[in-house]
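Chains as they are written, first to last, in my numbering: chain S, 2 to 145; chain Z, 105 to 382.
Warning: the hint list may mix true and false statements.
Stated by the list, open to error - Once the Cα atoms are required to be at most 20 Å apart in a straight line, the calculated SDA-like pairs of lysine to any residue come out as:
hint, chain 1, residue 1, chain 2, residue 2
1, Z, Lys139, S, Gly18
2, Z, Lys139, S, Glu17
3, Z, Lys138, S, Glu17
4, Z, Lys153, S, Thr81
5, Z, Lys216, Z, Gln256
6, S, Lys104, S, Asp117
7, S, Lys104, Z, Asn249
8, S, Lys49, Z, Pro319
9, S, Lys79, Z, Lys138
10, S, Lys49, Z, Ser160
11, Z, Lys136, Z, Ala348
12, Z, Lys143, S, Glu17
13, Z, Lys143, S, Lys49
14, S, Lys79, Z, Glu303
15, S, Lys76, Z, Glu307
16, Z, Lys143, S, Lys76
17, S, Lys49, Z, Lys136
18, S, Lys76, Z, Lys136
19, Z, Lys153, S, Phe21
20, S, Lys49, Z, Tyr304
21, Z, Lys153, S, Tyr86
22, Z, Lys148, S, Lys104
23, Z, Lys153, S, Glu22
24, S, Lys123, Z, Glu323
25, S, Lys76, Z, Met310
26, S, Lys123, Z, Ile255
27, Z, Lys148, S, Asp117
28, Z, Lys143, Z, Asn249
Worth flagging that the hints you see were computed from the coordinates, not collected in a lab.
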Amino acid sequence: MASKDNTFFLEIVSPEGIVFEGEVEKITLETNIGEITVLPHHVSLFTKLAEGEVTILADGNKTHIAVAGGFLEVKENKATILSDYAIRAESIEIAKAEERKRKAENVLQEKAENTDFILAQKDLRKSILELKVAQNVKRRHTNS
Amino acid sequence: MATNPQLLKRRIKTAKNIAQISKAMEMISASKIKKAQNKVLNNKPYAQKIVTLTSSLLHNTDKSSLSNPFLRIPDMEKKSLIIIISPDKGLCGSLNTYITKKILELSVPNTKIVAVGKKAEQFCIRMGFEVLGVFPMGSSIPSYNHVYNIIQIIQKEYNENNISSVKLLYARFNSVFSQEVHVADLLPIPVAQIESVPEYLYEPNMHDIISDLLPYYIEVQLYHSILEAHTSEQAARMVAMQNAKNNALDIADALTLSYNKSRQERITNEILGLANNI
Numbered sequence: 002m003a004s005k006d007n008t009f010f011l012e013i014v015s016p017e018g019i020v021f022e023g024e025v026e027k028i029t030l031e032t033n034i035g036e037i038t039v040l041p042h043h044v045s046l047f048t049k050l051a052e053g054e055v056t057i058l059a060d061g062n063k064t065h066i067a068v069a070g071g072f073l074e075v076k077e078n079k080a081t082i083l084s085d086y087a088i089r090a091e092s093i094e095i096a097k098a099e100e101r102k103r104k105a106e107n108v109l110q111e112k113a114e115n116t117d118f119i120l121a122q123k124d125l126r127k128s129i130l131e132l133k134v135a136q137n138v139k140r141r142h143t144n145s
Numbered sequence: 105m106a107t108n109p110q111l112l113k114r115r116i117k118t119a120k121n122i123a124q125i126s127k128a129m130e131m132i133s134a135s136k137i138k139k140a141q142n143k144v145l146n147n148k149p150y151a152q153k154i155v156t157l158t159s160s161l162l163h164n165t166d167k168s169s170l171s172n173p174f175l176r177i178p179d180m181e182k183k184s185l186i187i188i189i190s191p192d193k194g195l196c197g198s199l200n201t202y203i204t205k206k207i208l209e210l211s212v213p214n215t216k217i218v219a220v221g222k223k224a225e226q227f228c229i230r231m232g233f234e235v236l237g238v239f240p241m242g243s244s245i246p247s248y249n250h251v252y253n254i255i256q257i258i259q260k261e262y263n264e265n266n267i268s269s270v271k272l273l274y275a276r277f278n279s280v281f282s283q284e285v286h287v288a289d290l291l292p293i294p295v296a297q298i299e300s301v302p303e304y305l306y307e308p309n310m311h312d313i314i315s316d317l318l319p320y321y322i323e324v325q326l327y328h329s330i331l332e333a334h335t336s337e338q339a340a341r342m343v344a345m346q347n348a349k350n351n352a353l354d355i356a357d358a359l360t361l362s363y364n365k366s367r368q369e370r371i372t373n374e375i376l377g378l379a380n381n382i
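In isolation and in its complexed conformation, chain S is listed as follows (with noise of 0.2 Å):
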């Protein structure tokens, strides 16, 4: 167990509910100007999350969360993570995120209207990411 010194404390917020909770000790995520890592006692950094995925190490075990984009805040060694949308890579099923994908293709080729045409093209992006994330952690299993 990880004394309280070298961890800090982690909250990923998506409107579905809390995903992720907890003491961790190392996080690395991408923002919209690179991929970055916070480690315990950060100095305090607001900014701006990109579409990826987020890797926390807690207790010796990674995590990986896909995230849709979001924000990040660092403060007295708490870390928030608010995001339209994260999910556990463990509870991604690419089945349904492979169908998802093709059904928000097929509304982006009908040209629907203006707001459908926006909800398709994140729900598109959203499948994307999840299956990235998803051989992402899949090729990791393989490696190792």
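We have chain S already, so just place chain Z on it with the hints.
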């Protein structure tokens, strides 16, 4: 009491039918409320986080240095925009009455209105208010679609400097038995007074982040209010239907009693008649 047994029988049947229908509606609302409540509970931490983040960010920064239209100091002479969120349908107790009362309280001629839900729409049009847009509330969990459209209206009006503030009027969900009509300020963004927060390091820079964060803030606030309004509607309907069911059953009981009484009376009279004839 009416003593015509045929008539009484018909009335008993009517009361029982009403009880059955309101029981079905109660059960529909009860199942919807569970889903809606979950959605609200899950959404709550996110909404709260966005609100605290935004207000702590704004607290820390000098707003006049930013050119974001949402932060502009409004011209108080201008009208304010009220977004009214109401149910599409009635049969939900006094919820609609409270909402319309609140609208009348707020609606000095100095307002523009966006109505979500048919009840608000009908009321505002009847009263001759300036309605900029109407959206249906729907009977299942509201989707994000309307939020985009509403935001487009807000942005247009705000950017053109047509309005000074944006308010939300919706029924806040306290519990199944208590909902209150609540008015929240959406724009200009209220800045909470918080004790000194450490200076942030902004990446890439503060200006970009704030202009990215503010649309999120509005979106989330709006969607959360719509969700809460939906939950309140279902809760109010469930309680109203429960009462309606109980009342209908009470009436059916009372009518059955008088039906039986009149039937007994008739039989007694008939027997008496027969006995007299012998």
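Q.
Need the list of violated hint numbers for this structure, in ascending order.
A. Going through the list in order, the structure violates hints 9, 13, 16, 17, 18, 22 and 27 and respects the others.
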